[in-house]
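Q: So the chains spell out like this:
There are 2 protein chains.
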Amino acid sequence: MSTKSTESTPSIQAKPNAQKVERWGLFEIALEGPQTRNPFLDVRLSARFECDGHAFEPEGFYDGDGIYRVRCSPDVEGTWTFATRSNRPELDGATGSFECVAPSPGNHGPVRVRRTFHFEYADGTPYYPFGTTCYVWTHQGEKIEKQTLDTLAHAPFNKVRMCVFPKRYSWNENEPEFYPFEGAPPTDWDFGRFDPAFFRHFERRVGDLLALGIEADIILFHPYDKGYWGYDRMTRDTDDRYLRYLIARLAAYRNVWWSLANEFDLMRAKTMDDWHRFAGIVVEHDPYTRMRSIHNCRTFYDYTKPWVTHASVQNGSAVEDFGRAGLLREPYEKPIVYDEVKYEGNVAHRWGNLSAEEMVHRVWQGVIAGTYVTHGETYVHPDEVLWWAKGGVLHGQSPERIAFLRRIVEETAPDGLDPIDKWQNLRLAGQPGKYFLLYFGKECPTEWTFELPTKAMAGFEEGARFRVEVIDTWDMTIAPVEGLLEAEPQGMYIYACDRNPKVALPGKPYMALRIVPA
Amino acid sequence: MSTKSTESTPSIQAKPNAQKVERWGLFEIALEGPQTRNPFLDVRLSARFECDGHAFEPEGFYDGDGIYRVRCSPDVEGTWTFATRSNRPELDGATGSFECVAPSPGNHGPVRVRRTFHFEYADGTPYYPFGTTCYVWTHQGEKIEKQTLDTLAHAPFNKVRMCVFPKRYSWNENEPEFYPFEGAPPTDWDFGRFDPAFFRHFERRVGDLLALGIEADIILFHPYDKGYWGYDRMTRDTDDRYLRYLIARLAAYRNVWWSLANEFDLMRAKTMDDWHRFAGIVVEHDPYTRMRSIHNCRTFYDYTKPWVTHASVQNGSAVEDFGRAGLLREPYEKPIVYDEVKYEGNVAHRWGNLSAEEMVHRVWQGVIAGTYVTHGETYVHPDEVLWWAKGGVLHGQSPERIAFLRRIVEETAPDGLDPIDKWQNLRLAGQPGKYFLLYFGKECPTEWTFELPTKAMAGFEEGARFRVEVIDTWDMTIAPVEGLLEAEPQGMYIYACDRNPKVALPGKPYMALRIVPA
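So the sequence lines, in the order shown, correspond to chains A and B.
If you count by the working numbering, then the first sequence holds residues 171 to 688, one letter each, in order.
If you count by the working numbering, then the second sequence holds residues 171 to 688, one letter each, in order.
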């Protein structure tokens, strides 16, 4: 085994056989091995990585040109050792070690579930998903892909929903630059041979997102092929081998989330047993338990299943009005991410012509319900570059308002936003004894009389006083209200202010209040 | 074995060892057996009932005074034979037969699930649950219990949520007439010995409901004891024996539904494993697969579990406004019954002071969402006889409006009401190509322009014409609109009427439309 000495590797693209890797970074063993026959089918390779009795045992993969790789994302600092196992002697028994050092600034580790309905990075930093949708942005060629990354660098989005396979659909008739299998489009594929160039490109894009601090919500299957390339109707063996190959390549990227499918219920060639089996493959072969879900069209998957870390829901009306979005917290007791709620745009289809106001309203609705909402944009474009499918640039007016909301949530709600009094006051979210956001949605009140549910008061001292700010969610202003409001109990359910002072509001829609202890 | 010859037995209270029983009626073997030691613990008894290779094998039970019984509800017509099994020779090997004859008028059999979200009787007659809540009406003594039955005989309710155990709670401080175990209140119980008088009384009430065509939604455990009698914290063995005894006595009543608990999540002495075990006992020992669910307070049970036939949900806001109630159909794909949505009444607690208008509105909201809603009433009463707990008489104004709604549903919707275009038009329910109800809730429109979603039109011929009626859900009137409206496609999503005729509406809340093909 040849070990090149390198400096501490950046976490994003691994240098093979590095001696130092940061925590949650990516270490890679690269080995030379057989090129004859079919390395994808004939060669088995894995490695055991160990540090202080803590171990991962990921599978490796063939990267073409006689090079085999095994990747590991170390999650504890210290000296890691490794040893490979293979059915081929050239690849078997390679050993070595590397140092896992402290993470660099900005590396908070992978995302995991926090307090049932929320998320955090592995270092404990809260993570609030404000995602967007660019289904096949990695299949648009260097120019648009670079443009997409530039756009994302200045957008508020910290999660991107993106497909592995190319898409064939309205506004998506172009062929991709790379194909996942050797062969020729549209259907002449050797499903026994992956094309490493496809996967190298895809994982480079995942790394590009990581460098921007963006989670890659990777959609493993989708129905927008309809047999044109046939990736939506491969055999069971091919499906399973594809999943293992992808996991071997990608699981060590700490920003990876697995979405088994988009609109799984539209994939006629797959059965529920297939989805359960795919979930099993992901659970078995991803040693890091990255976030896992599956996305529906008309029919929900059973998100109560233990493999599902969060519900990745499509619903066109749940975040339209108060009292809806939070209902799905009850059956699932997991984070609810409304990953498709229609899109801001101007296509004729009603799923793609929300106003910017409505898109922003829906994200607020989700947040105030203790859930999360993913953005998407479908403005018609002369070259058919719609953000929702291809990326490019954003044309809409919602992203900066989503950025504004994201800042408010991040600075206000370290423990997330939950309904405070869920059957009574559907406009209020926060944490009892800590902080509150009150959203008025499409109502246009001209004043608000201070009132908090008794349930909000647990943890505050008697006579707690509050600071109120008026938030214009569209104009993106935050105006402090003069004076402090003191909460007194009034009956069984409410705390109000003795003096009954009114907070003036401008009589326009999309206003909110931030209420925090003084 | 002594077999008394009797006439065809009414289905309601079985005459032991009858020769004729109607389909879905109740046949009972009565045997004399040991009275020494403890028959409840020492004696095992069951019987195998068979007709044409179709068989049930229920457990029997000791009814006191040396009498043992085994009950069977035959579900096919023909000659049934039976043979008992017991660990006591006096009870073992008794054999006999009876004729199962056609059901009498009004006997439609037990209720089962129909088309995923709805219900029907075993003979195929649709069953729309319009239930009410009288938690401990069977523990109030003959006078009030008779009064309750008289009230129910003239009320619209076809399901009653009712507890086996007595309740100790606000407005419920009275001791019951019967106790389930031998001993003395409050806590001096011999949990090894049931008091048959208690169960005989309870099952008589179940039979009284059956005679009125009312399903008995029997709540097996509840938290409103708090250790006073201790029925909420019995040992595992006692719990399990109690369940088997109750099932042996009651399962053969075709109007029985099993609700494992009310507000199960408030029962601190029980674990999730207990609930799963109770479900297993019900599944194992009820040979008829009666309807099964469990009712929550703050935390939902996992209604996706296979033993659950329908979700029996408490939620104080899901049926308050459009677009909420139907959301729970997605995760469960089972009938959703909002069995507690707050109550019509005037107690200080917010769970019990809905206006009658709000109660009726909530039932309509549920129905228009493709779900069902249960009534309850909590008007304060000089003798503390609140309908919700004790029965008695109804004081509210919602029951007659619920009767009106029930009639509309029964005459309009043989296939139930489902959302037609669930992300777009949350006011409309019905069946494509068949019939529709449109509910305006608290909106007060003065006119309606004919429009139906394209999804509604599947199954109609081109140029289908519709008859519209204006329904005042509060004043209980149905006014036909003159003329027929012809549906023409207008764009991708809508059918409207070329002439654009407007239907006049009175500008008041709680109006609805019935739209059916002419």
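Keep in mind that the hints were calculated from the coordinates and are not lab data.
Every residue gets a Cβ at the ideal spot worked out from N, C-alpha and C, and that includes glycine.
Some hints here could point you the wrong way.
Claimed, not checked - Over the 12 angstroms line for every Cβ pair with chain B, so calculated as not near, a few chain A residues:
hint	residue
1	185
2	248
3	297
4	408
5	471
6	472
7	474
8	475
9	494
10	496
11	499
12	614
13	631
14	645
To be verified - Covered stretches of chain B, going by a simulated chain A footprint (3 or more residues, C-beta under 8 angstroms):
hint	region
15	592-601
16	672-683
Q: Confirm or reject each hint.
A: Right, here's what the structure says about each hint:
1. 185: At roughly 46 angstroms from the nearest Cβ of chain B, residue 185 of chain A sits farther out than 12 angstroms, so the non-interface label holds.
2. 248: 38 angstroms, holds
3. 297: 25 angstroms, holds
4. 408: Consistent with the label, residue 408 of chain A stays out of reach of chain B, its closest Cβ about 31 angstroms off (over 12 angstroms).
5. 471: 9 angstroms, violated
6. 472: 6 angstroms, violated
7. 474: 5 angstroms, violated
8. 475: Residue 475 of chain A is in fact no farther than 12 angstroms from some Cβ atom of chain B, at 9 angstroms.
9. 494: 5 angstroms, violated
10. 496: Violated: least Cβ distance 9 angstroms, not greater than 12 angstroms.
11. 499: 9 angstroms, violated
12. 614: 17 angstroms, holds
13. 631: 26 angstroms, holds
14. 645: 28 angstroms, holds
15. 592-601: It holds: at least three residues are needed, and the region 592-601 of chain B offers 4 whose Cβ sits within less than 8 angstroms of chain A.
16. 672-683: violated (count 0)
Violated hints for the displayed structure, listed by number in ascending order: 5, 6, 7, 8, 9, 10, 11, 16.
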